[in-house]
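Start from the sequences, fold in the hints, and give me the full structure.
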Amino acid sequence: MKLYEMTLKEASEKIKKQEITALELTQSILDRIKEVEPKVDSYITITEEEALNRAKEIDEKIKAGEEVSVLAGIPMAVKDNICTDGVKTTCASKMLENFVPPYDATVVKKLNAAGAIMVGKTNMDEFAMGSSTENSYLKKTKNPWDLNKVPGGSSGGSAAAVAAGQAFYALGSDTGGSVKQPAALTGLVGLRPTYGRISRYGLIAFGSSLDQVGIFTKDVTDCAIVLRELAGKDKMDGTSAEVEVADYEKHLDKDMSNIKIGIPKEYFVEGIDADVKKAVLDGVEKLKELGATVKEVSLPHTDSAIATYYVLAPSEASSNLARFDGIRYGYRAEGYDSLEGLYTKTRTEGFGDEVKRRIMIGTYALSAGYYDAYYKKALKVRTLIKKDFVDAFEDVDVIIAPTAPNVAFNIGEKTSDPMAMYMEDACTIPSCLAGVPGMSIPCGFKDGLPIGMQIIGNYFDEATMLKVAHAFESVTEFKDQRAKL
Amino acid sequence: MGDKILIGLEIHAELLTNTKIFCGCKNEFGADVNTNCCPVCLGLPGSLPVLNERVLDFAITAGLSFNCKIARNTKMDRKNYFYPDLTKAYQISQYDIPLCYDGYIEVEAEDGSAKKIGIERIHIEEDTGKSLHDATGDTLLDYNRGGVPLIEIVSRPDMNSPKEAYQFLEKLKEVLLFTNISDVKMEQGSLRCDVNVNVIKEDGRKSNIVELKNLNSFKAALKAMEYEVIRHNELLAKGENTVRETRRWDDSQNKTISMRSKESVQDYRYFPEPDVVDINLTEEYVNDIKNKLPELPDDKRKRFMKEYSLPEYDAKVLTTSKEISNYFEEMISKFSDAKMISNWIMTELLRRVNDEGITLDDVKFDKDAFVYLLKVISEGKINNNAGKKVFREMFETGKKPENIIKEKGLIQIQDEGAIKEIVVGILNDNLQSVEDYKNGKDRALGFLVGQVMKASKGKANPQMVNKLIIDIMKNM
Chain A
1 MKLYEMTLKE ASEKIKKQEI TALELTQSIL DRIKEVEPKV DSYITITEEE
51 ALNRAKEIDE KIKAGEEVSV LAGIPMAVKD NICTDGVKTT CASKMLENFV
101 PPYDATVVKK LNAAGAIMVG KTNMDEFAMG SSTENSYLKK TKNPWDLNKV
151 PGGSSGGSAA AVAAGQAFYA LGSDTGGSVK QPAALTGLVG LRPTYGRISR
201 YGLIAFGSSL DQVGIFTKDV TDCAIVLREL AGKDKMDGTS AEVEVADYEK
251 HLDKDMSNIK IGIPKEYFVE GIDADVKKAV LDGVEKLKEL GATVKEVSLP
301 HTDSAIATYY VLAPSEASSN LARFDGIRYG YRAEGYDSLE GLYTKTRTEG
351 FGDEVKRRIM IGTYALSAGY YDAYYKKALK VRTLIKKDFV DAFEDVDVII
401 APTAPNVAFN IGEKTSDPMA MYMEDACTIP SCLAGVPGMS IPCGFKDGLP
451 IGMQIIGNYF DEATMLKVAH AFESVTEFKD QRAKL
Chain B
1 MGDKILIGLE IHAELLTNTK IFCGCKNEFG ADVNTNCCPV CLGLPGSLPV
51 LNERVLDFAI TAGLSFNCKI ARNTKMDRKN YFYPDLTKAY QISQYDIPLC
101 YDGYIEVEAE DGSAKKIGIE RIHIEEDTGK SLHDATGDTL LDYNRGGVPL
151 IEIVSRPDMN SPKEAYQFLE KLKEVLLFTN ISDVKMEQGS LRCDVNVNVI
201 KEDGRKSNIV ELKNLNSFKA ALKAMEYEVI RHNELLAKGE NTVRETRRWD
251 DSQNKTISMR SKESVQDYRY FPEPDVVDIN LTEEYVNDIK NKLPELPDDK
301 RKRFMKEYSL PEYDAKVLTT SKEISNYFEE MISKFSDAKM ISNWIMTELL
351 RRVNDEGITL DDVKFDKDAF VYLLKVISEG KINNNAGKKV FREMFETGKK
401 PENIIKEKGL IQIQDEGAIK EIVVGILNDN LQSVEDYKNG KDRALGFLVG
451 QVMKASKGKA NPQMVNKLII DIMKNM
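Protein sequence lines correspond, in order, to chains A and B.
First residue of the first sequence: 1, per UniProt numbering; consecutive thereafter.
First residue of the second sequence: 1, per UniProt numbering; consecutive thereafter.
It should be emphasised that the hints constitute simulated quantities derived from the structure, not laboratory data.
Please note: incorrect hints may appear among the correct ones.
Stated by the list, open to error - PhoX-like, lysine-lysine: derived pairs with alpha carbons at most 25 Å apart:
(1) B:Lys420 with B:Lys339
(2) B:Lys79 with A:Lys380
(3) B:Lys79 with A:Lys345
(4) B:Lys75 with A:Lys233
(5) B:Lys26 with A:Lys109
(6) A:Lys235 with B:Lys339
(7) B:Lys75 with A:Lys377
(8) A:Lys235 with B:Lys306
(9) B:Lys381 with B:Lys364
(10) A:Lys250 with A:Lys260
(11) B:Lys388 with B:Lys339
(12) B:Lys75 with A:Lys387
(13) A:Lys235 with A:Lys260
(14) B:Lys75 with A:Lys386
(15) B:Lys75 with A:Lys380
(16) B:Lys438 with B:Lys406
(17) B:Lys130 with B:Lys116
(18) A:Lys345 with B:Lys388
(19) B:Lys79 with A:Lys377
(20) B:Lys79 with A:Lys356
(21) A:Lys376 with B:Lys364
(22) A:Lys376 with B:Lys79
(23) B:Lys130 with B:Lys69
Stated by the list, open to error - Coverage of chain A stretches by chain B, computed from C-beta distances (three or more under 8 Å per stretch; other residues unrestricted):
(24) 39–50
(25) 102–112
(26) 191–202
(27) 312–320
(28) 407–417
The beta carbon of each residue, even a glycine, is placed where N, CA and C say it ideally should be.
Structure representation (structure tokens):
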């Protein structure tokens with residue numbers, strides 16, 4: 001087995017036992033990047049020199065007998081909308097093409113403190129808006145399972161990097177499904193925690209009330225490990241929650257006898273591919289065999305979720321992205337003759353089409369005369385959707401559904417049809433609106449492409465969600481499949 | 001019913017918290033440009049605001065001082081607009097649920113009666129940065145002020161004369177100072193005031209509301225309002241009307257000048273700030289602030305009148321600032337003649353302090369010295385005129401009063417024997433006057449006293465002199 005093929009946990013054990021060095025491990029990842037990056041295009045920025053220097057530091061610590069974190073010396077990647085001190089953070093936008101933040105996001109700070117080794121910043125849909133990573137201003141990332149297919153979005157770069165062995169794990173961000181959906185399409189474990197579980201400080205905002213940092217790993221154990229490192233209250237983020245963080249890895253076992261699984265009937269309707277549906281339901285059967293009880297639940301406002309999301313997220317985005325005005329940092333157009341002209345020209349030239357589309361939708365939905373009809377109404381529906389989940393979790397511990405309606409689609413297939421693209425996140429959006437945690441794990445293949453099973457957990461109960469995912473994973477072999485490149 | 005003037009005020013006051021509203025940057029005036037800035041107050045991508053709880057304390061203190069109700073469940077909102085001094089292109093403010101609402105400030109109406117001017121709301125928000133225009137016409141930006149906490153106080157249009165509005169401002173300023181909420185320095189921008197004025201004629205005709213901005217002192221505000229009322233009346237008299245617009249006061253020309261016409265209302269696209277968690281206040285929290293409220297100027301004034309039997313005028317002067325009222329109360333804890341202290345503070349101390357343009361903290365002598373001076377005067381050890389001389393020197397040099405009195409030999413002669421000696425001498429030299437007095441000419445006594453005082457160089461105790469003259473004359 002090549003070094004880059006290992007899981008985070010395997011690599012970590014070898015480092016701690018000093019069977020391999022962090023430097024060797026990092027070099028293997030950098031070599032792999034060199035080998036496959038021309039085909040996959042996962043990264044916007046590769047931080048080779050910094051990574052090698054850090055790896056050497058970690059090796060010295062380990063040699064000196066210092067106690068190090070499980071993440072120490074493990075190469076990983078960070079989505080390019082998460083701020084990294086001194087390293088370009090572009091949001092895959094012309095607007096921030098040369099933006100170098102003077103500070104680290106809290107998650108980056110935590111990973112650095114744990115000795116993690118960042119090898120690069122990954123490609124994404126511009127400002128995290130999209131479901132295929134085709135909206136990047138800089139490059140198009142390909143699905144490592146089939147280079148003609150999309151990796152999903154908006155964290156497609158992070159997903160592809162892990163799926164292609166270019167990182168042991170990667171950080172993404174999830175507003176309406178941007179971690180879960182690409183995880184499904186690239187055969188990875190992708191987790192979006194409860195809103196407030198992981199600090200958003202340093203994550204460049206898209207929809208503040210929805211955004212969460214998410215995690216891509218090769219298996220559930222790795223996911224549990226990384227979540228434990230990242231979770232917790234951050235005094236720099238007032239919306240982060242003061243809720244105890246469990247040692248998730250310790251909670252992972254196969255005993256499902258106390259687990260009640262809810263199957264929401266609204267997620268197995270027309271529009272969901274038959275093979276996807278079958279793979280997910282087969283997965284539920286496996287969990288039943290392990291002792292779980294299964295019952296049908298109803299989330300009656302599911303069909304309003306997309307409409308609600310596409311009012312709220314763009315509304316917040318229109319405000320969040322207003323700071324990109326060419327005054328203080330980022331792109332500034334040339335040849336303006338007034339302040340108004342500076343703003344208009346800068347934003348016209350700096351933003352891509354999808355971003356502009358959402359800014360316009362949001363500006364419209366928030367404007368006087370439309371606020372009540374759109375924004376306020378959407379807030380009300382959001383409350384109903386939230387209540388759906390609260391009610392459902394009265395009876396069940398987790399909810400299982402498909403992550404994406406289908407497997408990865410062709411590059412270019414949906415770019416001219418925004419509605420078709422928006423439907424990609426139909427299964428992930430409701431739980432994001434509710435703020436409950438969710439994850440995707442591989443549960444099958446169709447035409448050689450991975451299928452994702454979505455497990456939705458109750459508020460701050462990532463432990464149970466991970467436990468169910470782990471049980472499924474331990475009796476199946478999907479996680480061991482690797483994209484052949 | 002005559003013509004009616006309607007005036008409403010909108011006041012922004014910067015709060016005197018140590019740090020900014022959403023980050024740990026220092027809140028200070030006058031630092032080097034762009035030195036009190038961090039990713040949060042600069043609104044850098046990815047940064048997040050975290051509400052400084054002290055801002056709530058300050059704003060609630062203001063609300064309670066102005067008799068407002070306090071919202072228990074409220075939130076922050078975003079006010080979206082583009083401007084270079086606004087780092088995020090939105091201001092975090094409060095929209096539909098202000099922290100404090102429905103209050104009032106009491107002023108004296110034109111007819112002398114007490115009048116309550118309504119306060120519609122007080123909300124918290126962040127200040128913006130500052131644009132500086134250099135000689136070449138370039139605009140430079142200083143973001144030190146960005147994120148400084150503000151309260152915006154919005155009055156109802158209840159003021160019916162510029163004088164009432166002026167009083168409202170004075171009272172507001174007093175309370176903000178007394179409660180240490182703001183240093184209310186208009187010239188430094190820590191208090192900013194916009195005025196809305198219009199006039200309704202007896203026949204029902206109304207002038208359009210005009211907004212006055214960039215007022216840099218209360219005096220300027222008063223003059224601008226007076227100017228506007230006259231302008232509105234003149235236009236209405238001519239059958240014309242005012243333009244709905246924003247005007248500024250020009251101090252050099254003593255008139256208001258049009259800044260811009262009221263354009264179509266800006267759409268700020270307010271919506272709840274998702275980055276700041278909702279504000280939910282417990283009764284305990286609000287009560288705690290209520291219990292810690294200092295005595296406010298109006299209450300203090302009433303108490304001074306009652307407790308120390310001071311006239312209203314004195315009580316008003318002594319409560320114009322916390323420093324003065326504290327000074328007075330510290331004095332009275334050491335010396336019980338309230339009226340005497342009041343007189344000396346008003347006529348000597350405050351006059352000198354104001355003339356020198358200093359604060360009470362800068363006064364060179366301490367209160368014990370001042371008390372000593374008042375005591376020796378009241379005990380008749382030195383007379384009032386001598387006391388003023390001593391005070392002047394204390395004020396200028398900070399020397400102890402007992403030393404000044406000794407050096408200048410100002411102490412009165414209290415020794416009866418010594419005075420008697422002088423009296424006997426004077427009486428013997430002025431037998432005609434003694435005779436006159438005995439014949440019922442009272443004026444002669446005054447003359448004799450004057451002669452004795454003169455002979456003692458003004459140092460003899462006048463009461464003693466009087467008594468001795470009469471006693472000795474009886475036996476002559």
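Hint by hint, here is what the structure shows:
For the hint pairing Lys420 of chain B with Lys339 of chain B, the CA-to-CA distance comes to about 34 Å; that exceeds 25 Å, so the pair is violated. In summary, the hint linking Lys79 of chain B to Lys380 of chain A is supported, as the alpha carbons are separated by about 21 Å, within the 25 Å threshold. Of the supplied pair hints, the one linking Lys79 of chain B and Lys345 of chain A holds, its CA atoms being roughly 23 Å apart against a limit of 25 Å. At most 25 Å may separate the alpha-carbon atoms for a hinted pair to count; Lys75 of chain B and Lys233 of chain A meet this at roughly 21 Å.
With a CA separation close to 24 Å, the supplied pair Lys26 of chain B and Lys109 of chain A stays within the 25 Å bound. Pair hint Lys235 of chain A plus Lys339 of chain B does not hold up; C-alpha atoms about 55 Å apart against a cutoff of 25 Å. Our distance criterion of 25 Å between C-alpha atoms is met by Lys75 of chain B and Lys377 of chain A, whose separation comes to about 19 Å. In summary, the hint linking Lys235 of chain A to Lys306 of chain B is not supported, as the alpha carbons are separated by about 50 Å, beyond the 25 Å threshold.
Proximity of Lys381 of chain B to Lys364 of chain B is assessed by CA-CA distance (about 24 Å); at most 25 Å being required, the pair is judged to hold. Note on Lys250 of chain A and Lys260 of chain A: the hinted pairing holds, with a Cα-Cα distance of about 20 Å set against a maximum of 25 Å. With a CA separation close to 16 Å, the supplied pair Lys388 of chain B and Lys339 of chain B stays within the 25 Å bound. Taken as a hint, the Lys75 of chain B and Lys387 of chain A pair is honoured in the structure, with Cα atoms around 22 Å apart against an allowance of 25 Å.
A distance of roughly 35 Å separates the Cα atoms of Lys235 of chain A and Lys260 of chain A; the hinted pair therefore is violated under the 25 Å criterion. Using a Cα cut-off of 25 Å, the hinted pair Lys75 of chain B and Lys386 of chain A holds, with the two alpha carbons roughly 20 Å apart. Note on Lys75 of chain B and Lys380 of chain A: the hinted pairing holds, with a Cα-Cα distance of about 17 Å set against a maximum of 25 Å. With a C-alpha separation of about 39 Å, the suggested pairing of Lys438 of chain B with Lys406 of chain B is violated against the 25 Å cut-off.
A distance of roughly 36 Å separates the Cα atoms of Lys130 of chain B and Lys116 of chain B; the hinted pair therefore is violated under the 25 Å criterion. Between Lys345 of chain A and Lys388 of chain B, the direct Cα distance comes to roughly 73 Å. Violation of the 25 Å bound is thereby established for this hinted pair. Only pairs whose Cα atoms come within 25 Å are accepted, and Lys79 of chain B paired with Lys377 of chain A is accepted, the gap being roughly 20 Å. A threshold of 25 Å between alpha carbons decides the hint, and for Lys79 of chain B with Lys356 of chain A the separation of about 20 Å falls inside it, so the pair holds.
Between the alpha carbons of Lys376 of chain A and Lys364 of chain B the distance comes to roughly 63 Å, so the proposed pair goes past 25 Å and is violated. A C-alpha spacing of about 16 Å is found between Lys376 of chain A and Lys79 of chain B, which places the hinted pair at or below 25 Å, so the restraint holds. For the proposed pair Lys130 of chain B and Lys69 of chain B, the alpha carbon gap of about 33 Å is over 25 Å, so the pair is violated. A stretch counts as covered by a chain when three or more of its residues have a beta carbon under 8 Å from one of that chain; for the region 39–50 of chain A and chain B the count is 0, and the coverage is violated.
Proximity of the region 102–112 of chain A to chain B, defined as three or more residues with a beta carbon under 8 Å from a beta carbon of that chain, is established by the 3 residues found. Note: the region 191–202 of chain A has 3 residues with beta-carbon separation from chain B under 8 Å; the three-residue rule is met and the coverage holds. Under a criterion of three residues with beta carbons nearer than 8 Å to beta carbons of chain B, the stated coverage of the region 312–320 of chain A is upheld, 4 such residues being counted. Coverage of the region 407–417 of chain A by chain B is violated [criterion: at least 3 residues with CB-CB distance below 8 Å; count 0].
In terms of the numbered hints stated before, the structure departs from hints 1, 6, 8, 13, 16, 17, 18, 21, 23, 24 and 28, listed from lowest to highest.
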